[in-house]
Amino acid sequence: ETGVTQTPRHLVMGMTNKKSLKCEQHLGHNAMYWYKQSAKKPLELMFVYNFKEQTENNSVPSRFSPECPNSSHLFLHLHTLQPEDSALYLCASSQGLAGTDTQYFGPGTRLTVL
Amino acid sequence: KNQVEQSPQSLIILEGKNCTLQCNYTVSPFSNLRWYKQDTGRGPVSLTIMTFSENTKSNGRYTATLDADTKQSSLHITASQLSDSASYICVVSLMDSSYKLIFGSGTRLLVRP
Chain R
27 ETGVTQTPRH LVMGMTNKKS LKCEQHLGHN AMYWYKQSAK KPLELMFVYN
77 FKEQTENNSV PSRFSPECPN SSHLFLHLHT LQPEDSALYL CASSQGLAGT
127 DTQYFGPGTR LTVL
Chain W
816 KNQVEQSPQS LIILEGKNCT LQCNYTVSPF SNLRWYKQDT GRGPVSLTIM
866 TFSENTKSNG RYTATLDADT KQSSLHITAS QLSDSASYIC VVSLMDSSYK
916 LIFGSGTRLL VRP
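The listed protein sequences derive, respectively, from chains R and W.
Residues 27 to 140 in my numbering are what the first sequence spells out, letter by letter.
Residues 816 to 928 in my numbering are what the second sequence spells out, letter by letter.
For reference, chain R alone in the conformation it holds in the complex (with noise of 0.2 Å):
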C-alpha cells in the first residue's frame, strides 16, 4: 500500500447524479492532486492543492468540484456528468511540490458514466 486510501474503488452514475469521491493521505503530506487518466492517454492533471489550498485549476469543467478541507483528505464533487467524463480518477500526494517531490498515488476509482 502506499498510504494513499480512494473511496469508492468503482462507481456507476447516470448523467443527472451527484456522486463524490474520497480520498486520504496517511503520509504527512502537505500537497494533494487529482488526476483523470483514460485509455492510451497521459494522465491529466486537474487539481492542485497545497498546504489546503488551492494552487492548480487546470481548466477542469465545473462539473467536477473539488474539496480539500484539511491536508489530509480530498474529495472530488461530481454532478451533471457526461460519458466522456468515464475514467479511472487517481488521488496523489506528496511531501513538497510534485515537480521535486515523489507523488504517491491511490489506488484509483473507476468511474462509468450512464
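These are computed hints drawn from the structure, not numbers from a lab.
List time: in silico BS3-like cross-link candidates among lysine-lysine, alpha-carbon distance up to 27 Å:
#  : chain 1 : residue 1 : chain 2 : residue 2
1  : W       : Lys872    : W       : Lys915
2  : W       : Lys915    : R       : Lys67
3  : R       : Lys44     : R       : Lys78
4  : W       : Lys886    : R       : Lys67
5  : W       : Lys816    : W       : Lys886
6  : W       : Lys872    : W       : Lys886
7  : W       : Lys915    : W       : Lys886
8  : R       : Lys48     : W       : Lys915
9  : W       : Lys816    : W       : Lys915
10 : W       : Lys816    : R       : Lys67
11 : R       : Lys48     : R       : Lys78
12 : R       : Lys62     : R       : Lys44
13 : R       : Lys66     : W       : Lys915
14 : R       : Lys67     : R       : Lys48
15 : R       : Lys67     : R       : Lys45
16 : R       : Lys45     : R       : Lys66
17 : R       : Lys78     : R       : Lys62
18 : R       : Lys66     : W       : Lys886
19 : R       : Lys66     : W       : Lys816
20 : R       : Lys62     : W       : Lys816
21 : W       : Lys915    : R       : Lys78
22 : R       : Lys62     : R       : Lys48
23 : R       : Lys45     : R       : Lys78
24 : W       : Lys832    : R       : Lys66
25 : R       : Lys45     : R       : Lys62
26 : W       : Lys832    : W       : Lys872
27 : R       : Lys48     : R       : Lys66
28 : R       : Lys62     : W       : Lys915
Starting from the known structure of chain R, arrange chain W on it as the hints suggest.
Here is chain W on its own, set in the frame of chain R:
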C-alpha cells in the same frame, strides 16, 4: 511544445527475458525524469527519479538511463517476471516556477510464462 513520447506502445515478452522501454522528451527546462509502474487497477508507483546530472539509476531488476543531451531515457528490465506485467509511465518535470509534470502515455508490458 513540452512532450513525452514513449515506445513501444505495447510489448510482449517471455518470462526470464530482458527488455528495454524508451522515452523521448522535448521538455525544457528540464528538472528531473521519473519512471512509474502501474499495475492494472492500481495507481502508479515510483520506480526511479533522475536529475540532470544522473545518467543511470537502478531499483532491483529495473535500471533507468538518462541522456540529457539527446533527451532520451530508457528503462531496462532484467530477467523479467510475470509480476512485471504492467504499464510503465515516463514523467518529466519542468524546472520552472510551476514544476509541472509532463506524462507519457505509457508502455504496456505483458510477460508471458
